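Keeping their order, the protein sequence lines are chains A, B, C and D.
For the first sequence, the tail end lands on 206 under numbering that gives the first Met the number 0, and the numbers increase by one without skipping.
For the second sequence, the tail end lands on 536 under numbering that gives the first Met the number 0, and the numbers increase by one without skipping.
For the third sequence, the tail end lands on 298 under numbering that gives the first Met the number 0, and the numbers increase by one without skipping.
For the fourth sequence, the tail end lands on 96 under numbering that gives the first Met the number 0, and the numbers increase by one without skipping.
It is worth saying that the hints were derived from the structure and are not from the lab.
Among the clues, some could well be false.
20 Å max Cα-Cα, derived EDC-like pairs, lysine to aspartate or glutamate [stated by the list, open to error]:
| no. | chain 1 | residue 1 | chain 2 | residue 2 |
| --- | --- | --- | --- | --- |
| 1 | C | LYS40 | B | ASP529 |
| 2 | B | LYS110 | B | GLU13 |
| 3 | B | LYS282 | C | GLU56 |
| 4 | C | LYS119 | C | ASP87 |
Here the structure is a predicted model, which is why all the values come from computation and not from measurement.
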Amino acid sequence: MNHTFVLPNSGHNFDAKASKMGMWLFLYTELLLFGGLFLVYMVYRSMYPDEFLLASFNLNVWMGTFNTVILLTSSMTIAMSITALQKGNKKLSINLMWITIAAAIGFLVIKYFEWGAKFDHGLFPGMDHFNALPTGERLYFYLYFFMTGLHGLHVIIGGIFILFVISGVKKGTVTPERYSLSENAGLYWHLVDLIWIYLFPLFYLIH
Amino acid sequence: MTSETLPYTSYLKEKTGIMSWLFTLDHKRIGLMYLYGIVAFFLVGATLGLLMRFELLNPGKDLVDPHTYNQIFTLHGVIMIFLFIIPSIPAVFGNFFLPLLLGTDDVAFPKLNLLSFWLYVLGAFFALATLIFGDGPADTGWTFYAPYSVKTGTNVTMSVLAAFILGFSSILTGLNFIVTIHRLRTPKMGFNQMPLFAWSLYATSWIQLLATPVIGITLLMIVAERMFGIGLFDPSIGGDPILYQHMFWIYSHPAVYIMALPAMGIVSEILPTFSQRTIFGYKAIAYSSMAIAFIGYFVWGHHMFTSGMSGPAAYIFSILTFLVAIPTSIKVFNWVSTLYKGSIVIEVPLLFMLAFIFNFLIGGLTGLALGALAADVHLHDTYFVVGHFHYVMFGGTGFAFFGALHYWFPKMWGKMYNKTRAYIGFAILFVGFNILYFPMLILGIQGMPRRYYDYLPEFTFLNQVSTVGSWITVTGLIIIIVNLIVSGRNGKKATDNPWNGITLEWQTKSPPPLHNFDKMPTIPERGPYDYPNAKRG
Amino acid sequence: MYASNFVEGVDFSLYLILSISVFFLVGITAVMIYFLFRYSKKNNPVATNIEGSHTLEIIWTAIPTILVLIMFWYGWTGYRPMLTAPDDAIEIEAVGQMWKWTFNYENGKSSDSLVIPLDKSVKLNLVSKDVLHSLYIPAFRIKQDVVPGKDYSMWFIGQKLGKYDILCAEYCGQLHSYMLSTVSVVEESKYEEWLVSAPDTNGEHPGLTLMKKNACLSCHTQDGTRLVGPSFKGLLGRNETIIIDGNDHEITVDGDYIRNKIKNPTNSLVKTYQSGLMPALPLTNDEISLMDEYISGIK
Amino acid sequence: MENNKHEHITSYKEHFSTWLALILLTFMTVFVSVFGADLRTLSVATAMLIATIKATAVAYYFMHLKYEPKIYKAMMAVVLALFAFFMIMITIDYLTR
Ligand code: HEA
Ligand code: HEA
Ligand code: CUA
Ligand SMILES: [Cu+2]
Chain A
0 MNHTFVLPNS
10 GHNFDAKASK
20 MGMWLFLYTE
30 LLLFGGLFLV
40 YMVYRSMYPD
50 EFLLASFNLN
60 VWMGTFNTVI
70 LLTSSMTIAM
80 SITALQKGNK
90 KLSINLMWIT
100 IAAAIGFLVI
110 KYFEWGAKFD
120 HGLFPGMDHF
130 NALPTGERLY
140 FYLYFFMTGL
150 HGLHVIIGGI
160 FILFVISGVK
170 KGTVTPERYS
180 LSENAGLYWH
190 LVDLIWIYLF
200 PLFYLIH
Chain B
0 MTSETLPYTS
10 YLKEKTGIMS
20 WLFTLDHKRI
30 GLMYLYGIVA
40 FFLVGATLGL
50 LMRFELLNPG
60 KDLVDPHTYN
70 QIFTLHGVIM
80 IFLFIIPSIP
90 AVFGNFFLPL
100 LLGTDDVAFP
110 KLNLLSFWLY
120 VLGAFFALAT
130 LIFGDGPADT
140 GWTFYAPYSV
150 KTGTNVTMSV
160 LAAFILGFSS
170 ILTGLNFIVT
180 IHRLRTPKMG
190 FNQMPLFAWS
200 LYATSWIQLL
210 ATPVIGITLL
220 MIVAERMFGI
230 GLFDPSIGGD
240 PILYQHMFWI
250 YSHPAVYIMA
260 LPAMGIVSEI
270 LPTFSQRTIF
280 GYKAIAYSSM
290 AIAFIGYFVW
300 GHHMFTSGMS
310 GPAAYIFSIL
320 TFLVAIPTSI
330 KVFNWVSTLY
340 KGSIVIEVPL
350 LFMLAFIFNF
360 LIGGLTGLAL
370 GALAADVHLH
380 DTYFVVGHFH
390 YVMFGGTGFA
400 FFGALHYWFP
410 KMWGKMYNKT
420 RAYIGFAILF
430 VGFNILYFPM
440 LILGIQGMPR
450 RYYDYLPEFT
460 FLNQVSTVGS
470 WITVTGLIII
480 IVNLIVSGRN
490 GKKATDNPWN
500 GITLEWQTKS
510 PPPLHNFDKM
520 PTIPERGPYD
530 YPNAKRG
Chain C
0 MYASNFVEGV
10 DFSLYLILSI
20 SVFFLVGITA
30 VMIYFLFRYS
40 KKNNPVATNI
50 EGSHTLEIIW
60 TAIPTILVLI
70 MFWYGWTGYR
80 PMLTAPDDAI
90 EIEAVGQMWK
100 WTFNYENGKS
110 SDSLVIPLDK
120 SVKLNLVSKD
130 VLHSLYIPAF
140 RIKQDVVPGK
150 DYSMWFIGQK
160 LGKYDILCAE
170 YCGQLHSYML
180 STVSVVEESK
190 YEEWLVSAPD
200 TNGEHPGLTL
210 MKKNACLSCH
220 TQDGTRLVGP
230 SFKGLLGRNE
240 TIIIDGNDHE
250 ITVDGDYIRN
260 KIKNPTNSLV
270 KTYQSGLMPA
280 LPLTNDEISL
290 MDEYISGIK
Chain D
0 MENNKHEHIT
10 SYKEHFSTWL
20 ALILLTFMTV
30 FVSVFGADLR
40 TLSVATAMLI
50 ATIKATAVAY
60 YFMHLKYEPK
70 IYKAMMAVVL
80 ALFAFFMIMI
90 TIDYLTR
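Chain A with its partners taken away, still in its complex shape:
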């Protein structure tokens, strides 16, 4: 075919800035997705402050703190993996990403035990003990399960995203010159962290 002419501003060019901007825009939608839940939380907490307080005693502050530390650390490792990639150190970059994924798994395992403990105490919607709770405490747990559940889902997605980047670096599609994908995975992972930064005090640190 006869296309010798290509526009300089073609949509098929690789454009690192565009992909970063796209990622940020996507993060805004994620922020507002959780934002909706924070709105609901705000209303119910202001309606039932005491019940929220009581219900929060069922969570283990230290597990929460530990998980926070895990996530923050993983945030650092993923950020460093980008630095490593930019500096051309692929091996280090990949290792740092593996550490991040390990942290993600650790986080989920702890969450699994926390949720499991709630099940054992009959604190899940529909269970008898749960149904006997006052409205405010039930709302606390609805929100707790919904929000940490959705957050957990994001942890999983973020982990898969990082796996993709690892394979990209290995295959050579993500390189020190062309690292948008790794940057975007990093951005996504930080968002997961960012949301946890709020979830943690809102559920664990009510006093």
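Chain A is fixed; fit chains B, C and D with the ligands onto it per the hints.
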């Protein structure tokens, strides 16, 4: 046009076979696929509308039982809102023409664009699957108000998931457009040299991006409530139904500007072309789009004046509602002034735009009556509201959609439609439309509530007028659609620039080649609508 | 005289806005059509590029702004008085449920339709037993949503003798459009008389009275017609397929079944009917037996 | 278009100090909450304040916002303003009932 004789392959012919369409990355083909899907769903939704009008011909039962009626208007609303009008102009004409107007060859993320389309298909599948799976389509109204939506046995979960998926598709389209506008404008085209349709899409995209997630999460909460008993909104197991309404309208009011702004962008394209002069008040129109998008976020409460909202909140929401009308009125005045000292050629697209202004005026001005607290207490959830939103959505956006279809028809298919039939179709549609919806405004003032299967006998006459109007409307629409299909197959060949327009899409061939431009497009020096032949003003 | 104390405020704001609207609609349309002919290609072969005008821009921002503020103001002043009921208002409880209104007076009288004295403030305390409803009296220009779990109220003064429609204006399911009632505005003396008169049960079965009160008959007919739920006609001894936990069971309806169904409506569902619609009502065993007795009697 | 040759590369040290600050803040917020129990509403405010400082640090340093063009900050500001407005409007409705 001299270039006509040169050999070139249009995007329609460049590759063939069904796969070259279904998995195309070309924005023009994706736009066309959206067009077929959207028009199909418009016809489905419209047929449901027609059924409702049949049912309402007389008090009592005419056609279906109350339960079916409720499912029909819900499906009608869901289809019309999520499958027709929200994607309509952005996904079809935005996709097809935004890159052309900006002088580039595609959107920023072509693959993401294809993904949006497939999500649209998936969402459509979910919406229709309710007909087969579960206990039938939802019967909640398109607003899915809790706690009824939690209690009813119909397949609300699936309808809601459809809306969720379609929302996701809409977000990705918006994201794509924002990045496209930021990154892919042709060199030297600043924001203030962009055509106004691009501006309106920019404003729209921001709404799609930032408002849609809120309804996404709200709908997920409804699903969680139905499936796991996460009772965030049903008072019998915990939550507060009024909060649901807040969350719903935080999205759904801005969403009405997702519907309206692109239509306004279309008007701003077409009026200068047929007046053969520059647009009046370019910046006022461009920035008022942004203003509408922004203020539009803060007025959602006007849907809840009778929900038991507090006095101060009602006060603030009402005043903000009135403020959002001002940028719209600025646009209307600028459009009318664009006709002033033009050299007007009357063609069907222009008529559609003038009809848009007329209908949208009725719709917008009735919106003011709804924004006033006292009047809304009487009018809320009556047929006045139904009249209002059909005037803005169908009379406004719908007319703009069909106008744009005629305006860009030669560019998209390289054929010209039959003008006589187009005139006739337009005239019948316009008359029918007003007979269909004007009586609803009166019915509302008289106090007929909406979502009523049956009504008091004193409302019979106006309902019958309205039903007759729906028949006239069908006739008009059928003429228009048949005319376009026939012309697309064997219409006269169109020139590259049949309307003598000067925005960039007219600088390439009809239909455009796969990569849109074979040479660098040139942008008019003094703004996108600066007609070289017109006198300096 | 207006039918209620709110008619004037509402109508004024509505018609004020509609008049301004008509003015703009007619004006803009006329200008548009005039331009269309005056500046057609024939009459004006060469166009003029006018880029805009700051003066005009300011004028047509300012005028609508002033107009909408006026509109807002009358909307607000018409609405404000609806927010707070006077202290001396007669309080009546208005109960909405699928798909029936019930009005309970302070002296214990209960009625399907509202009766109020002329020129007296009346405050309705709104209670919903299930989903959202909205109590709408078009003639009074007043409407208020009835929300489960919330103590809302509305108030008004009936100023003209007569009988007016009460409609449900918030979608509440299948028979939303049949959730109708009336309000009668009567002389005060008549109102007092009506208030103490015994409920007009005409010696009907107490089970029927109970069922009327609890809106059972909005969904179940006594004549065999199928509505939302199965008809009561010939119910006792009928063979039905019911669904429990997703499995079909063939049963013959007996008294136990009827009493159980009233008590725990969500445990089972008669096939081909929609689930989740029948409410669990706070009834005593005696009341349930009365209902059962009546239902079993409908042959 | 420009490529990303001149992108700022954040040093390992900077990442590490950010992390250290975040961890300290985390322990601080736990401390305030566990041992400052009778502060009540004040402790909600401090918890949110600390969370916001942490979030800003993550966005600024880990997410690189500090080194991005102004438009990114502007967009972020719009998003946050929007969300704040949602909160304010809903609060007004619920507080003034
Ligand atoms: C395209 C969609 C669209 C658009 C653009 C609008 C635009 C507007 N809408 Fe509408 N609206 C809907 C779609 C839309 N609406 C829908 C779907 C519903 C119902 C949802 C449901 O419940 O199912 C609804 C419901 C709705 C309600 C709630 C009614 C109720 O349920 O009680 C209100 C209340 O304030 C309202 C107001 C407005 C206002 C003030 C505008 C303004 O933006 C209009 C501005 C336009 C003008 C004012 C005309 C042009 C101006 C001039 C010519 C200048 C002269 C004007 C002045 C003097 C100011 N709308
Ligand atoms: C873009 C949006 C849009 C459009 C275009 C329409 C178009 C129409 N609508 Fe719709 N409507 C809504 C959006 C829309 N509607 C929404 C959101 C609601 C609220 C739902 C709710 O309450 O939840 C609503 C509610 C609504 C009601 C109120 C129901 C109630 O409250 O009880 C009514 C009643 O008359 C109605 C009628 C119609 C009619 C007759 C058309 C017609 O104008 C359609 C015009 C087209 C035709 C008349 C037919 C064309 C058909 C063909 C050419 C095809 C022929 C093909 C075959 C036979 C296969 N609509
Ligand atoms: Cu009750 Cu509608
Ligand atoms: Cu609105």
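Going through the hints against the structure:
The hinted pair formed by C:LYS40 and B:ASP529 meets the criterion: a straight-line CA distance of about 18 Å does not exceed 20 Å. Straight-line distance between C-alpha atoms of B:LYS110 and B:GLU13 comes to about 19 Å, which keeps the hinted pair within the 20 Å bound. As the CA atoms of B:LYS282 and C:GLU56 are separated by approximately 11 Å, the hinted pair is consistent with the 20 Å bound. For the hint linking C:LYS119 to C:ASP87, the alpha-carbon distance of about 9 Å falls within 20 Å, and the restraint holds.
When the structure is compared with the earlier hints, no violation turns up for any of them.
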